[in-house]
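Please work from the sequences and hints to get the whole structure.
There are 2 protein chains.
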Amino acid sequence: MILKDLIFETRSYRRFDGSKKIPYKTLQDLVDLTRLSASGANRQPLKYAIINTPEKCEKVFPSLAWAAYLKDWEGPSDKEKPAAYIIILGDKSITESFGVDHGIAAQSIRLGATEAGLGTCIIASVKRDQLSKELGIPEKYEILLVIALGKAAERIIIDEMKEGDVKYWRDSEKNHHVPKRPLDEIIIDL
Amino acid sequence: MILKDLIFETRSYRRFDGSKKIPYKTLQDLVDLTRLSASGANRQPLKYAIINTPEKCEKVFPSLAWAAYLKDWEGPSDKEKPAAYIIILGDKSITESFGVDHGIAAQSIRLGATEAGLGTCIIASVKRDQLSKELGIPEKYEILLVIALGKAAERIIIDEMKEGDVKYWRDSEKNHHVPKRPLDEIIIDL
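Order-wise, the sequence lines are chains A and B.
Numbering of the first sequence is given in the numbering used here, commencing with residue 2 and proceeding in unit increments.
Numbering of the second sequence is given in the numbering used here, commencing with residue 2 and proceeding in unit increments.
Hint data in this document are derived by calculation from the structure and do not stem from the laboratory.
Where is the CB? At the ideal position from N, CA and C, for every residue including glycine.
Do not take every clue at face value.
Said to hold, decoys possible - Simulated crosslink set (BS3-like; lysine-lysine; CA at most 27 Å straight-line): (1) B:K5 with A:K22; (2) A:K57 with A:K128; (3) B:K21 with A:K5; (4) B:K80 with B:K22.
Unchecked claim - To give a feel for the contact side, a few chain B residues facing chain A, derived at Cβ under 7 Å: (5) L4; (6) D6; (7) F9; (8) S13; (9) A39; (10) N43; (11) R44; (12) A50; (13) Q108; (14) L112; (15) G113; (16) E116; (17) L132; (18) V167; (19) I188; (20) I189.
Given below as structure tokens:
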């Protein structure tokens, strides 16, 4: 697939087919994609926790916030929950300044997941202390982002943004609509 | 090209064939790649300035720091300078919190540039006030990252990191070596 199509297919999915599991090796391969990309001063301070057993997934889920703009939706039901998570950690023993390394890494993981037929969502709104405690994450790691993964089970439609309204919404058929800015709005002339 | 190969080919190039120009349309297409990716709370606060004329490139170059670990190299010579830049800006009138949106965007731009046969380097060490003044960037935009682009004119070799030494270096044939951590070092067991 050419990159443009891969990016287009990489939507933020929040409902999954909970019956489809993801093998550890698939997730390990996704983490491997992050290893050779740019890192501020080449420090490579990111570490990754792979979560793909039902027991561990249950420990992660309650610490995540889902779709802030959908006020009447509390998040995926038991049958729609992610099958796995990749938690991106910053290793504070290497540096306390992670720059945008985790943005770069998250994009590589997500594009790779799309290529592998999986849906993903980056979750930055995380109860970090709670999640650290639940999983026993050592003190030296800072939780930066959680990526939820699974077989996607919803349709996402991109709309052109109207009047600066950035809120995504669901229609009566539960399709998830996401407004995006047009190209001429994001390029500025100097 | 499959994603893994595309990521592998996306190296941080700092020497370019200065005779090769990049059309505006090519750069516009790279910015377009960023438009449909994840953005914190879907706010999409990033804007982009495309710089591809020799006159404007000359205004950008002096504000950039090159390869901090190469103490005896002052940066690309006149014949090796980038042919273009994409400056990623944060629009403070939308939000003052850009999260990792610019990391995600930078990775998409770089992968797209590789696909288009171009080399790139993310530069975060930028004299921001100087660059804003040189280009007349309006006050409401914060300079987040500069991506240098051009026809790559150096060979980059990835080595396995030894004893935690993250410094890249050049060998006697000017090949640029970059140590990267092995996979088993970046996955932690919980």
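Restraint outcome when I188 of chain B is required to lie within 7 Å of chain A by C-beta distance: Where the cut-off is 7 Å and the nearest Cβ of chain A is about 5 Å from I188 of chain B, the hint holds.
27 Å limit on alpha-carbon distance, applied to hinted pair K57 of chain A and K128 of chain A: holds (16 Å)
Cut-off 7 Å, beta-carbon criterion: hint that L112 of chain B touches chain A: holds (6 Å)
G113 of chain B as chain A interface residue, shortest Cβ-Cβ below 7 Å: Where the cut-off is 7 Å and the nearest Cβ of chain A is about 5 Å from G113 of chain B, the hint holds.
When the least beta-carbon distance from N43 of chain B to chain A is tested against 7 Å, hint result: Since the shortest Cβ distance to chain A is 5 Å, the answer is holds.
Satisfaction of hint between K5 of chain A and K21 of chain B, Cα-Cα up to 27 Å: Status holds; Cα separation ~24 Å.
Pair hint K80 of chain B and K22 of chain B, alpha-carbon separation not exceeding 27 Å: With Cα atoms ~12 Å apart, K80 of chain B and K22 of chain B stay inside 27 Å; holds.
Proposed interface contact between E116 of chain B and chain A, which counts if any beta carbon pair is under 7 Å: holds (5 Å)
Satisfaction of the R44 of chain B interface hint, Cβ to chain A closer than 7 Å: holds (5 Å)
Satisfaction of hint between K22 of chain A and K5 of chain B, Cα-Cα up to 27 Å: holds (23 Å)
S13 of chain B as chain A interface residue, shortest Cβ-Cβ below 7 Å: holds (6 Å)
Interface hint for A50 of chain B, Cβ within 7 Å of any Cβ on chain A: holds (5 Å)
Checked against the numbered hints listed earlier, the structure breaks hints 6, 17; every other hint is satisfied.
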